[in-house]
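Visitor: Listed below are the residues making up each chain.
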Amino acid sequence: MAKITLDQVRHSYLDHPESPDDWALKELDVVWSDGGAYALLGPSGCGKTTLLNVISGLLQPSHGRVLFDDRDVTNVPSEHREIAQVFQFPVVYDTMTVFDNLAFPLRNRGIPEAQVKSRVEEIARMLDLEAALGNRASGLTADGKQKISLGRGLVRSDVNVIMFDEPLTVIDPHLKWQLRSKLKELQQEVGATMIYVTHDQTEALTFADKVVVMLEGQVVQIGTPEELFDKPGHTFVGHFIGSPGMNLLPCEIVDGFPSFLGHKVDIAQAVDVPADATRMEIGVRPEFLHFDSKGLPVDIVRVDDVGRYRIVEVNHKSHAIKLVTPENVPIPEDKGHLAFDLTKTHVYADGWIIN
Amino acid sequence: MIDKTVNQRAWFLVLPVVVLVAFNALIPLMTVVNYSVQETFGNNVFFFEGVKWFEQILNSERFHASLLRQLSFTGIILLIEIPLGVAIALSMPKKGPWVSVCLVLMALPLLIPWNVVGAMWNIFALPDIGLLGRMINGMGFDYNFTQQPLAAWFTTVLMDVWHWTSLVVLLAYAGLSSIPDAYYQAARIDGASAWSVFRFIQLPKMKRVLTIAVLLRFMDSFMIYTEPFVLTGGGPGNTTTFLSIDLVKIALGQFDLGPAAAMSLIYFLIILVLSWIFYTLMMRNEEQ
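Residue numbers (numbering that gives the first Met the number 0), protein chains in the order written: chain A, 0 to 354; chain B, 0 to 287.
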C-alpha cells in the first residue's frame, strides 16, 4: 500500500512535441492517497489510459516523476512496481486452470506453494470462483474471465495500487451492476488503493470516494461526487456529470455580479474577473433552478415527465434553459419566472470556475 | 410430425457444383480406381484382376523403402520448419517500416516456381561450380550431392527448409499479431518470464495457425515431386526417391498402369489418414 504522487508528469507519444495538442498528458500534479477508491472519468481520448499506463510503468512519461510513497519509481519496470491492472478485455491464460491463473503472479515471484494455495483459495472465495477453480479458464464466460483478471490483481498481498481500465465494457448489463458492487465491497475489504477508469458517470459515482475528471490531457477537477455535482470546477464537469447537464448562460460581469442579457443574477459572493478572460458564463444545474413569482422571465417550451421528476425546457430570448422540478410542484402555464439557487450558481471564465 | 414443404426441384440448384466436382475430382479418381483392379497389355484391352495390384504394392520392398524415405523426409522438415518458422516470426519486428520489408523478404521464396527452386539449388550446390558446394568443400568437408546419399539428403532438406519455412513464418506471424497488447502488459505486471509469455500466451494463441501450418507442410512435403526431381532426380541410386517420384517411375517409366493406380490409392489413403490423425491430435484440447 502506498500513496501515489504524480509530480509534474507530462507525456507525448511523439518524439518532438510542439503544439499543446501533441501532449497526451499536459502537466499533471496529482496525489492519490493510500487506500482511496478513485474513479478516473473523461471522454474517450482524454488521456485516461495513458495516465494509467504511466502509473503502472507500461509507459515512461516524457517528463516528470512518479512516486510511490517517497520512492521514485519513474524508471522502475512494471513487474517491480507491485501494481495490478485489469484491462478492458479480460486477459486469461487459456491453457491454465482457474487456479493456475490466480496462482500465476505468486508463482512467478517464487512464493511457497502452500502459501499460494491458501491465498488463491481466499481470493476465489471473495470472487465466488471456488466452484470453478479446477476448470480450464478458457471455458468461462466474459464476466468469469474478468473476475480472474481481477483476482490476479488481488491475489498479491503487496500491491500498491490496483487499476481498472474500463473493466466492465464487455460485461452484460445485469452482471455489470453485480460486479461493480463486488468491486466496491472488495475495495473496502482489502483496503487497497484502486483507480477505476471509465467514461460512464454512473460507474464512476457508485464506485469512487473521489472522482478525477480529465479533459484533453488535463485533470479538470478532483472531488467527491457531491463536490462535482454542487460545484463543478469546469464547465466540462458541469455537463459531463449529471443528466441533463449544467445550463451555461453567457454573461457579463457588472460590479462583481453576473448579468445575463441585462438580467442581474444573484450569487453568493461577488467575483473578480481575471484580466485575460474572454468568455464569461453563468453555470447552474437544472436541479438548482425553480419557478418563482419574480426572477428571469421565461417561456415554457416543453415538459418531460421522467418518473420521479419532470424536466422542463424554457426559453429566455431564444436561450434554452433546462430545469428539473419534483412531481408535486406546479409548473406555470406558458410563461413564468426563474429563480437561481444562490449558493449553487457559479461563474466561469473560459470554462474555469471563479471562486 | 412437422409438416415441411417438399420441393425436390431445389436439387437443380446444386447441379452445377455436382457437375464441376464430378469432372474435376470424381471421374478422374474413379478412372484410377478402375485401373487399379485391371490388367492391360495395350490395345485398350483390360482384364479384371481384383486386389492383386494392391497386394503386390503392399508387399513390395520397393514401396516400403520409398514410403520410409518419404516419412523420414516429412518428419525431418516438419521438425526443422515449424520451430524455425516460429522462432523467426517471434524475432520479426511488430511494427514500424521494417514489418513490410520483412514480410516481402519472407514471401519471396514462396513466389518461385518449384522447378526453378530445384534448378537453382542444383546449380547452387554443385561441388565444382556452385557457391554452396564450393563453400562446403572449402571448409574441408567432402561434399558432392550427386554422388553421396547423405549430401543429397542434406541438400534436399536444406532446399525445402529454404523454400517453405516462410510459409510457417507468415502463418505464425499472423497468429502473433492477433494477440492484443493487453496480454503482454498483463504478463509483465504478473511478473512472467519471457519463456512463460511464450508458453502461456504466444503458443496457445498460435495454436490454430500452427495446426494449419503443420497440416499444409505435411501434405505438401508428403507429395513433394518437382524439387527433388530437378535437384537429384531421386538419386544417387534410389536414396532420394520419394513416393511421388517412385509413382511416376512406375506409371510413366514402366507404364505399369495397374500397380501405379493401386499405389496412388494407397498413397492417397495414407495422406488422408495421417492428416486426420494430425488434426485430431492438435485439436483435441480445443474441445475440452
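Bear in mind the hints are in silico, worked out from the structure with no lab data behind them.
The C-beta atom is built at its ideal place from N, Cα and C for all residues, glycine as well.
Worth double-checking, as some hints may not be accurate.
[Stated by the list, open to error] So the derived label-pair ranges between C-beta atoms look like this:
| id | chain 1 | residue 1 | chain 2 | residue 2 | range |
| --- | --- | --- | --- | --- | --- |
| 1 | A | D28 | B | F197 | 57 to 63 Å |
| 2 | B | L280 | A | D28 | 54 to 60 Å |
| 3 | A | D14 | B | A86 | 48 to 54 Å |
[Said to hold, decoys possible] Just some of the chain B residues that point at chain A, by a computed CB distance under 10 Å:
| id | residue |
| --- | --- |
| 4 | G49 |
| 5 | E60 |
| 6 | Y182 |
| 7 | A185 |
| 8 | S195 |
Visitor: It remains to establish, for every hint, whether it holds in the given structure.
Guide: Outcome of the hint check:
{"no.": "1", "hint": "A:D28 / B:F197: 57 to 63 Å", "in the structure": "violated, 40 Å"}
{"no.": "2", "hint": "B:L280 / A:D28: 54 to 60 Å", "in the structure": "holds, 58 Å"}
{"no.": "3", "hint": "A:D14 / B:A86: 48 to 54 Å", "in the structure": "violated, 31 Å"}
{"no.": "4", "hint": "G49", "in the structure": "violated, 51 Å"}
{"no.": "5", "hint": "E60", "in the structure": "violated, 45 Å"}
{"no.": "6", "hint": "Y182", "in the structure": "holds, 5 Å"}
{"no.": "7", "hint": "A185", "in the structure": "holds, 4 Å"}
{"no.": "8", "hint": "S195", "in the structure": "holds, 7 Å"}
Violated hints, in rising order: 1, 3, 4, 5; the structure is consistent with all others.
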